[in-house]
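Working from the sequences, and respecting the hints, build out all of it.
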Amino acid sequence: MKRIGIDVGGTNTDAVLIDGETILASVKVPTTQDVMSGVKAALSHVAAHLGDTPGPLGAVMIGTTHFTNAVVERARLERVAALRVALPTGASLPPMCDWPADLVQAVDPLIFMTHGGHEYDGAPLVPMRDDEIREAAMRIRDAGVTSVAISATFSPLTTECEDRAAEIVRQVIPGARITLSNTLGRIGLLERENVALLNAALQSLGRITVQAFKDALAEAGLSVPFYLTQNDGTVALAEAAAANPVFSFASGPTNSMRGAAFLTGLEDAMVVDVGGTTSDIGCLVGGFPREANNIVHIGGVRTLFRMPDLLPIALGGGTIVDPRTGAIGPRSTGYRILQEARVFGGETLTASDIAVAAGVVEMGDPGRVADLDPAFVAATRAKMAAMIAESFDQMKTSAEDVPLIAVGGGAFLIPDQVPGASEVLRVENAGVANAIGAAMAQVSGEVDKVFSGLSRDAALSAAEEEARAAAVASGAAEDSLKTLEVEDIPIAYLPGAARRVRVRVIGDIDFG
Amino acid sequence: MLEDFPVEDIDPLATGAWILGTGGGGNPYLSTLNLKRLYAEGHRVQVMDPAALDDDDLVAVVSGMGAPLVGQERLKDPRHMARAVELMEDYLGRPFRAIMALEIGGANALSPFLAAALLGRPVVNADCMGRAYPEAQMTSFAIGGLSMFPLAMVDVRDNEVIVARAESWKWMEKISRAACTAIGSTAATCKAPRTGREVKDWGIHDTITKAVELGRAVDAARARHADPVAAILDHEGGKSLFRGKVVDVDRTTTGGFLRGSTKIEGLGEDRGAVLELAFQNEWAVAFRDGVPVAMTPDLICLLDTVSGSALGTEAVRYGQRVSVVALPAPEILTSPAGLEAVGPRAFGYDIDFKSVFA
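These protein sequence lines map, in sequence, to chains H and U.
Under the numbering used here, think of the first position of the first sequence as 8, with each following residue one higher.
Under the numbering used here, think of the first position of the second sequence as 314, with each following residue one higher.
No lab work stands behind these hints, which were simulated from the structure alone.
Careful, some of the hints might be misleading.
Lysine to any residue pairs mimicking SDA-like chemistry, simulated, CA-CA at most 25 Å apart [to be verified]:
1) K390(H) <-> V431(H)
2) K349(U) <-> V308(H)
3) K35(H) <-> M370(H)
4) K349(U) <-> A108(H)
5) K390(H) <-> D540(U)
6) K489(H) <-> G632(U)
7) K487(U) <-> D532(U)
8) K390(H) <-> G333(H)
9) K487(U) <-> A130(H)
10) K390(H) <-> V619(U)
11) K558(U) <-> D275(H)
12) K558(U) <-> V409(H)
13) K552(U) <-> Y662(U)
14) K558(U) <-> A396(H)
15) K349(U) <-> D275(H)
16) K349(U) <-> Q112(H)
17) K558(U) <-> M394(H)
18) K349(U) <-> D468(U)
19) K576(U) <-> M394(H)
Ranges between beta-carbon positions, derived for each pair [said to hold, decoys possible]:
20) A365(H) <-> A539(U): 29 to 39 Å
21) D368(U) <-> S462(H): 47 to 57 Å
22) Q359(U) <-> A321(H): 41 to 51 Å
23) D400(H) <-> A533(U): 20 to 30 Å
24) K390(H) <-> A539(U): 14 to 24 Å
25) E397(H) <-> A671(U): 29 to 39 Å
26) E142(H) <-> N472(U): 19 to 29 Å
27) K487(U) <-> E407(H): 32 to 42 Å
28) S462(H) <-> D561(U): 18 to 28 Å
29) V133(H) <-> S481(U): 45 to 55 Å
30) D400(H) <-> E473(U): 49 to 59 Å
31) A321(H) <-> K349(U): 23 to 33 Å
32) D115(H) <-> G661(U): 48 to 58 Å
Covered by chain U, according to a simulated footprint, are these stretches of chain H (three or more residues, beta-carbon under 8 Å) [unchecked claim]:
33) 93 to 101
34) 195 to 204
Built from N, CA and C at the ideal position, the CB exists for glycine as well.
In C-alpha cells form, the structure reads like this:
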C-alpha cells in the first residue's frame, strides 16, 4: 500500500511517497507564509511519482506545527468557555488561574464552576447540579461562544459528570464544540483542564487547517483518507484529529524519531534531529519516542498529557556564530538561511558555514568561507560537539554506550564520535526522516486511570482491554494490536488496593 | 518580632520546602498558586519569631492531611485550612495568637500561610519536624511528650470532626487517618494546640527562614548557570552521597503508606556502584551496594541533577538523572528520644543510627 507523508515545519515542508518500505520520491520545499502553497508544491512533486509502481495510494499522513505555533504566538485562537464541575472543591483556583496573562487575554474566557465531581474511589463528591450547568450554558450561548471545555474532579476515573454536563450544554447550544478533559489528560485536574482549554481555543483553527489540507489534496487529485500525526508517533483520522489539535503539538520531532527508526531498522536508540534553529534529542524505545512522564509547558501553560520526552538544544543549521568570539547561537537565521548564510551569498556566519569550511558537507559556495582560520573552525566545531555531547548524556537512560541516529536537514553538524555513543548513524534520506516517520505512523489507544477493589492482575487486564477498544475506535486493525506500555502505581494511603494504571496499545491502520 | 513575608519569597519557600520534604510532604505548586492569589487580593502574612510568643499564648498547628494524588484533583482551598483553625478556636473557646506548620517539608510548609492570610494572624517561624515525616507521632512535640489532642478536621462539604481525646500519638494517628479516609482521603487539620512555652521549648525554630534561604540559593545558582545541587550542599552544610540514573522504582501500598525503594546506578565518580533508597512516603535509608550509608533522621534528598529540584517518592521515574544528598537533621531528632520516634528502627530497619555528619 502506498502512502504519502508530509511534515510541515517552521523552516521546511517535507514530503515522501513510499510503497511498502521503498521510498519512491522525496522533496523538501521552503515552508510558505500561508503554509498551504508549500504543502501543495510538495504534494504535487511526490504525487507525480504515483505511477512509478503499480497499485493505489492508500493514505496521506500530515504532521504540522501549526497548532503549537498558534499557542506560542497567541494568534489564531478563539474565545472559549471553561466549565468545571468540582464545587465545593477548587473554588480558590479557578480555570486558567496559572496561565500567562497575554494568553488569557487572547482566549478571553468565560469561566464557570458548578457543583459535582467524584472522589478517588468513584463515589460522587456532591450531587451534580444540572440547573447550574444549564444556567452557565445559557450564558455561554448568549455570549456567542461555541467552544466549551468541560472538566470535573476525577473524570479520568469516571466520566459521568463531564458527559452529563456536555449533554446539557448541547441541549442549550446544539452546535457547540465540546472538549472533555478526560479524553485528553490524566490525573491532575488543573493540568488536564489546561490541556482541554488549549484544545478548545484551537477548535476553529483545527477545522480550518484540516479543510485546507483537504482542499490541497483535492487540487492534487488525491481522494484518499488522510490523517494527522500525533505526539506519540501515531496518527488519527483528520476529522477526528481536528477535534483534538493538542495531540499534534509535538508531532514534528516525533515523526523524525519514528523516521529514524524506520531508516535504520533500530528500535532502541537515541535520535538527534537537527533543524534550522534548534535540535531535539530523544530516545527511541521499541521504535517509539519515550514519553515524558512529567509536566510539559506549552506556550507557558502547565500541562500533563502524552508528549515525547525531548531535550531541545539551541543548535541548528542556521544558528548564528559570532566570527570574533566564536559564540554559538542561540539566534538563528531560521528559514532565511538560503539568503543570509555566507555560503549562500549572505553575510551571516552560521553553523552550516563552519561545517562547509571544515569540509564535512558540500553546499553553496565553499569559496565564501575559505578565509576562515582553520583553528577557529576547529575550535567552533569542538564547542558544538561539546553542546551535543552534554545533552546526549543527559537524555541517555543506560550507562552503556548506545547508538545515536543523526537526522534532519542539519545532521551534518553532529560529529562522527560522541562520547557515550557506540556509533553515530547517518542514513540516506535523513533530511526527510520526519516525512517518512509521518508516512509510517500507526494508530494507538491509551487508558490511564485509578482502579480500586481489583487485584493487580485484574486491574492490568481491565486497563488493557479498554486501551485495545480505544485503539480500534481510532481506526486500528484489531489483529495487529500490540501492547506498548504498561505502568502501574499504587496510591499512598488509599484503601482497596487502589492503583493508577496506564496502558498503551498500538496497531496498524485498518485499510479494510 | 513580626516581619512581613514578601510575595517574592513564596516561590523560594516552596523550592526549599520541597527539598526539605525528603521525597514526601506533597508538591507545593498548588499551594503557591493559592497564596499568590491571596496576596493579589490584598491579603498579607507576617512571620513571627517564636521567641516573641508569650508563654501562655495559644498556637495553632496546621496541615493538609491525606493522599497527595487526591490533592491533585480536589484542589486545596485556603478557606478550609482557615476553617480548621476556627473550628479549634470554637471548641477551645479561646483564640489563637499565631499559626504554625506541622512540617516544613513539601506543600504543608505553606498551609499555615493560607490560613494566616485569611485570618490575619501571624505565622510562627517554626515547625515540629524540620522536614516531612509520614506519621503523627514523628514530631518534636511528640518527642517532648506533649499532649496529642484535641484535633480538628474539616471537609469541603459540611463535615467537621473533633477528636477530643486519644490515648497516645499512635491512637491519634489511627483515628484521624480513618476519619480522613472517610471524607475522601484529603482534609484540612488543626492539630493539638500548643502554648507559646511549648513552641519555644519543643518547636524546631526558624525553619521558614531556612526553607526560603535554601530556595533562594537554588534560584541564584540556576540564574548564574551554576550547579544548583552544589548550592544546596554549600547552603545547608550537606554531603553529596551519590550521582546517577534511576534504574528501578518499586512502589507498594502497605499499612496505609507508600513504601518501596528506588535503585540508582552510579555515574561519574560513582560509576559501578548502586544506591538503593528505601522509602515510607519519605526517603528513609540509603544503601550503597547493600551497606547503609545514610538514614533517618538525617535528611536524604533526591534531586534532579540539572535543575536541583526535589523529586517526590510518587513522581520519581526510571531514567531520571539524579543526585542524592544528605542534610543535617534538627538536633532534637538525633537525641535518644528523637531516635526512638524517628530513627531507623521506627521505620522497621534494625540498624543503629549513624549520622552522615558524625
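Verification of the supplied hints:
no., hint, verdict
1, K390(H) <-> V431(H), "18 Å, holds"
2, K349(U) <-> V308(H), "17 Å, holds"
3, K35(H) <-> M370(H), "15 Å, holds"
4, K349(U) <-> A108(H), "15 Å, holds"
5, K390(H) <-> D540(U), "20 Å, holds"
6, K489(H) <-> G632(U), "24 Å, holds"
7, K487(U) <-> D532(U), "39 Å, violated"
8, K390(H) <-> G333(H), "9 Å, holds"
9, K487(U) <-> A130(H), "23 Å, holds"
10, K390(H) <-> V619(U), "20 Å, holds"
11, K558(U) <-> D275(H), "18 Å, holds"
12, K558(U) <-> V409(H), "15 Å, holds"
13, K552(U) <-> Y662(U), "22 Å, holds"
14, K558(U) <-> A396(H), "17 Å, holds"
15, K349(U) <-> D275(H), "44 Å, violated"
16, K349(U) <-> Q112(H), "20 Å, holds"
17, K558(U) <-> M394(H), "20 Å, holds"
18, K349(U) <-> D468(U), "23 Å, holds"
19, K576(U) <-> M394(H), "29 Å, violated"
20, A365(H) <-> A539(U): 29 to 39 Å, "32 Å, holds"
21, D368(U) <-> S462(H): 47 to 57 Å, "56 Å, holds"
22, Q359(U) <-> A321(H): 41 to 51 Å, "44 Å, holds"
23, D400(H) <-> A533(U): 20 to 30 Å, "25 Å, holds"
24, K390(H) <-> A539(U): 14 to 24 Å, "20 Å, holds"
25, E397(H) <-> A671(U): 29 to 39 Å, "37 Å, holds"
26, E142(H) <-> N472(U): 19 to 29 Å, "27 Å, holds"
27, K487(U) <-> E407(H): 32 to 42 Å, "48 Å, violated"
28, S462(H) <-> D561(U): 18 to 28 Å, "23 Å, holds"
29, V133(H) <-> S481(U): 45 to 55 Å, "35 Å, violated"
30, D400(H) <-> E473(U): 49 to 59 Å, "54 Å, holds"
31, A321(H) <-> K349(U): 23 to 33 Å, "31 Å, holds"
32, D115(H) <-> G661(U): 48 to 58 Å, "56 Å, holds"
33, 93 to 101, "holds (count 7)"
34, 195 to 204, "holds (count 3)"
The structure fails hints 7, 15, 19, 27, 29 (numbered hints given earlier, in ascending order).
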